[in-house]
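Q: These protein sequence lines are chains A, B and C, in that order. Read in the working numbering, the first sequence has 95 at position 95, and its numbers run on one by one without any break. Read in the working numbering, the second sequence has 355 at position 355, and its numbers run on one by one without any break. Read in the working numbering, the third sequence has 31 at position 31, and its numbers run on one by one without any break.
Don't take every hint at face value.
Unchecked claim - For each label pair, taking beta carbons as the anchor points, the in silico distance ranges come out as: (1) B:Asn68 - C:Pro198: 18 to 28 Å; (2) B:Gly217 - A:Thr160: 30 to 40 Å; (3) A:Lys109 - B:Gln52: 48 to 58 Å.
Said to hold, decoys possible - Derived contacts from chain A toward chain B, CB cut-off under 7 Å, selection only: (4) Ile22; (5) Ser24; (6) Leu35; (7) Ser38; (8) Asp57; (9) Tyr58; (10) Cys59; (11) Leu68; (12) Lys70; (13) Thr71; (14) Ser105; (15) Lys109; (16) Phe140; (17) Asp176.
Calculated from the structure, these hints are not laboratory results. C-beta atoms are modelled at their ideal positions from N, C-alpha and C, and glycine is treated no differently.
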Amino acid sequence: MLTLETIRDRILEAVPDAGVEIISNPGPSGQDSLLVSSGHGLAIALFLRDDPELRFDYCSNVTGVDWLDKTVKEKVIVREDDEDVETQVERVVPGYLEVVYHLYSISKKHGPVVLRLRTADRNEGVELPSLTPVWKSAEFQEREVLDLYGIRFTGHPDPTRLLMWENFEGHPMRKDYCAPDDDEPGDPITARERKEEAS
Amino acid sequence: MIAIPDCSFNTTENRDPAAELLELSLGPQHPSTHGVFRMNAVLDGETVVRLQPVFGYLHRNHEKIAENVSYLASIPYTDRLDYLCSLTNNWAYALSVEKLTGLDVPERAEYIRIILAELTRLQNHTAFLGFLLGDMGAWGTALMYGFRQREKVLDLFESLTGSRMMSNYMRFGGCRCDFPEGWLEQARTVIDEYPEFLDEMEQLLVSNEILISRTQGVGAISPERAINAGLSGPILRATGVDYDIRKVDRYGIYDRFSFRIPIGDQGDTYDRMMMRLLEMRESLKILKAAIDEIPDGPIVNPKAKLRNLRPPEGEAYGRIESPKGELGFYLISDKQPQPYRFRVRPPSLINLTLLEEMSIGHKIADVMVILGSIDIVLGEVDR
Amino acid sequence: MDHQLKKELGKQGIHVTSLDSIYNWARSNSMWPMQFGLACCAIEMIAATMARYDLARFGAEIFRPSPRQSDLMIVAGTVTKKMAPTVVRLYNQMPEPKYVIAMGACAISGGPFRDGYNVVKGIDRYIPVDIYIPGCPPRPEALIDGIMKLQEKIHGQKLTGPDRARHADPDSPGEYAVPGTESRDLLPRFNPCIWSPPARQTDSLEYPESKI
């Protein structure tokens, strides 16, 4: 299989001004991934599927990941009374939701290539292009991501909840979801979540 | 005077198609469905016009629970995903964690894993044949035959893992315990007797006229559609696509065994059923070779850490060829004892993607057979 | 009637018994379970009816595909919040006398999936359960044992008097309220007629009480 760098360059060749970035994986598995700008997601997916050398015709796994807001402590040099003073500043890195696609090629028997799409934030800007028109296998899995993470997929043929009931509110797989209390005072999970809810 | 009913609406020209459509909700519990699965079908007479599966009646929050417990504590939960094949689920999860932590597996443990995975495949396909025949109306006989044979494999599982169904057996970097005394001999007896059962089953099934007319040409799909819809396992190969993860990824030590991959050509229900029958014979080959060749040695990597495992930061996607198809686990670690993201790639759910396409144009009774031939387990569909 | 007289009459071919015992004898030996499985336990339930375990020996092998024809509901598997209304509705549709077996840890208490946001922590919150069979999943022998325990229970039931069986009491409900799937949870969370939350043990509680 071609290296990820070559794939990125080929994508940039085919889809000009698409944002493609390689996210390296520090772990031993070494499965690096391609972060794709959401505006060009569909065009890049089509290219990956139809390019004769890549032929990623099989979208195996689609899943969501929730990245919460992170507080980062930074050392910043501030000029005070004509003197450089180093102070520690806390900065909030806004969280986002992410969809991860694992692509394989059945005709070329290679893979996986991991494709990532990120939303702007976790509240309002949670729209991403649906890749179901490219790979039908994403249909149910994107509905599951919509259900459990609350990402809205534009262009999905049936954007409804997959697992929870229709009038359910909330997205249970999000990291800050609080499960409803089931009148179990000794239950560690609900008690912990109740504590979080109260604070 | 007897009123003669006006039959003009039956002629094709005058027929209003929408007026005669019948909406039928099957499930969440139907006699021949495979668990709490629901389908909303739109029927024209008995013919299916539209069919929409409804999921979530067995959504047990496996992924959410796994993100709150340690890596080791998720192994028993994986047993309950596809509860007919807990050992392959264990393997897929262990494989993903091994990828995440960069852990090797000793040779004997690899052999044990292959023996157990192929036994799991045997008993799953055996039960599948019984259930499929049940869907066709032969409730009883075939299922009795299948479960009678399956019990023999379950005895092996029980004497090794302590449980008939929920094995909780594989560990990161190996297996939990070695075979008890005499286990391999017992396994060899079961394997030697299996072809007899397969012959009997094949005689019962393959040339049966009713079965052929119920299955051939029913629910056929093209290989292009099957690939695009992400089908995997026997139902992908039934369409003629040569793709078996045991051969492609060569995980474990599958490259040491010689076995063939059965390929269908029509992609219909009959092919899907035959894939299972043929696969069982190939599994027997692997099993025989593995039992003959299994070396002595440790069964777990001494470097493996089970309790308080904190894998290095990163992510891994590991997949195996489970009896149902491609079973994958996608794990993200943030150096905490709990995985940050724990995702199961459920073959049963994704194999249902084409259920509507397979069913349209067939009779409602055939939908049961098509659903049976996909071989779903709701624990895995809804998780 | 005293035992000796009963025995004497029996020798003459006349069998004297009470209505209770012949009614219970007949019912307990022809339990028709509903063909109804939810999860993993259902596979063991099927295994129990198959050749090796042969549930038919105990008169309970005729699994009916309709609640209208069955006497026994075996809740075999995890009851999710999405499924619970259906389970209660199926129970309501069964004719009296009816019995419920909670098979496996999930049906009893939620089992290993107790922490899930979509799992009902025991079906006895909504319908009365007669027999609990622990195990995850219980072996087929355990299910057979549970059915035999239920038969024993039926043998002891009375048709009249203050301690009569539930189905013989015109005041006791034959149907239970079906919970609804609301925006966040299943409501009501339990049926107060048959279940109430366990008493709060303040000394074992590590966490501060919620203000909500």
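Q: So which of those numbered hints doesn't the model satisfy?
A: As far as the earlier hints go, 3, 4, 5, 6, 7, 11, 12, 13, 14, 17 are violated by this structure, in ascending order.
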